[in-house]
Amino acid sequence: SAVISQKPSRDICQRGTSLTIQCQVDSQVTMMFWYRQQPGQSLTLIATANQGSEATYESGFVIDKFPISRPNLTFSTLTVSNMSPEDSSIYLCSAQGRDRGRGEQYFGPGTRLTVT
Amino acid sequence: GNSVTQMEGPVTLSEEAFLTINCTYTATGYPSLFWYVQYPGEGLQLLLKATKADDKGSNKGFEATYRKETTSFHLEKGSVQVSDSAVYFCALTNNAGNMLTFGGGTRLMVKP
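Chains A and B supply the protein sequences, listed in that same order.
Straight run, no breaks: the first sequence in the working numbering ends on number 116.
Straight run, no breaks: the second sequence in the working numbering ends on number 228.
Hints in this document: simulated from the structure, not taken from any laboratory.
Treat the hints loosely; a few may be bogus.
[What the hints assert, rightly or not] Some but not every residue of chain B turned toward chain A, in silico, with C-beta under 10 Å:
1. V120
2. Q154
3. G159
4. T167
5. E185
6. T187
7. L208
8. N210
9. L216
10. R223
[Unchecked claim] Pair ranges (Cβ atoms, derived):
11. B:N138 x A:V62: 47 to 57 Å
12. B:G157 x A:S18: 35 to 45 Å
13. B:R183 x A:R15: 26 to 36 Å
14. B:N138 x A:Q41: 27 to 37 Å
15. A:S18 x B:T187: 35 to 45 Å
16. A:G40 x B:N138: 12 to 22 Å
17. B:T121 x A:S69: 32 to 42 Å
18. B:Q197 x A:S53: 22 to 32 Å
19. A:T56 x B:E124: 45 to 55 Å
20. A:G40 x B:P228: 43 to 53 Å
This structure is a prediction, so every number in the text was calculated from the model and none was measured.
Ideal Cβ positions, reconstructed from N, Cα and C, are used throughout, including at glycine.
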């Protein structure tokens, strides 16, 4: 199994600023993902973080707003840029490893972001 | 595109009651189906899965059967405990296995 940690666990940010969230996996994984979970809602996939290349974004999410890095097989960052109150959400990192079947993802504990 | 619909919560039950959380899906191809659980303050954990029609996934007393004819994957447990209080998400994966689509989540509250 894999253990995923995220930093920070929560933050309160001012409108117009940016926040970078870090995701660390304790073992090498094939795929890493970033999700948004708005209060009381389900998870929406933001993008797939690709190692050594640009992330693959889902409809409605763009690189300028949510730049993502994945420099190696165990680490990724998500930046929420030029934040507005509508960006207040929980941001979750997940990973899928070779030891698991398709769709079986490990999830981090999430980063709770509040934008004022 | 793929979609997942599950019953809205919250579902409130007394300890030892029978639980059913309904989940139906729309998908092309042959998706795998999952139930994930999110305990308070934690990330999601895989609860159980089924990869083909008529498969039954089971874990910790929970069960769900992949019903292709009714496009359903209902979660059941014969006797819930207070510790089962959590949010449950039904999900499916695309054919490539690299993308999960989640339902809206169902909050379960079990009272002693």
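Tell me, which hint numbers fail for this structure?
-> Hints 5, 6, 11, 12, 13, 14, 18, 19 and 20 are the ones this structure does not satisfy, whereas the remaining hints hold.
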